[in-house]
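Residue numbering for the sequence shown follows our numbering, starting at 3 and increasing by one per position.
No wet-lab data here; the hints were simulated from the structure.
A virtual CB, placed ideally from N, CA and C, is assigned to each residue, including glycine.
All the given hints hold, so there is nothing to weed out.
Derived DSS-like pairs (lysine-lysine); straight-line CA-CA distance at most 27 Å:
(1) Lys151 - Lys134
(2) Lys98 - Lys51
(3) Lys151 - Lys102
(4) Lys151 - Lys98
(5) Lys98 - Lys134
(6) Lys134 - Lys102
(7) Lys102 - Lys51
Simulated restraints on C-beta separations:
(8) Glu10 - Pro78: 34 to 42 Å
(9) Leu56 - Lys134: 18 to 26 Å
(10) Lys102 - Lys134: 19 to 27 Å
(11) Pro69 - Lys98: 21 to 29 Å
(12) Val99 - Asn9: 14 to 22 Å
(13) Lys98 - Thr149: 13 to 21 Å
(14) Glu6 - Glu29: 14 to 22 Å
(15) Asp71 - Glu29: 12 to 20 Å
(16) Gly79 - Gly105: 35 to 43 Å
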Amino acid sequence: MSIEVNNESGVEVEESGLVALSRYIFEQLYIHPQAELSILLVDEPAMEKLHIELMDEPGATDVLSVPMDELTPGTPGRPTPQGMLGDIAICPQVAKVQAKNAGHSLQDEMLLLTTHGILHLLGYDHAEPEEKAEMFGLQRELLSGFTGKEAPAETTQ
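Build out the structure end to end from the sequences listed, making use of the hints.
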């Protein structure tokens, strides 16, 4: 399992927690143990540039996901094939504001955004109410299972 975190944001983040969470999600969703994931932590100007390039939307956002091999969750008897899951870009500066507004820690918000980003890489979405209920339900389940406490309130919409 290759999970790389590259922090270019200038904000100190507990990177080992993001890696541990990613490994946990891989195990829970039967992602091939040799699947690859890249997590890039960027500042607001870099995130705004990515947001414009990828979504054609101005302003820095909290998390962006760029799937590579279009992998989907596996099953106990049939794990996801080996491949590149993709890249997640997270902006800790935006995450700080969201964490404060939601009343939880920056680390809780970073874990939430990492989970959210990985689920997007696996094909989950929240454009429709049914999709949102499924994705956010799984997000809460994974976060609670990893942290051993109630998942933080969703700040991503």
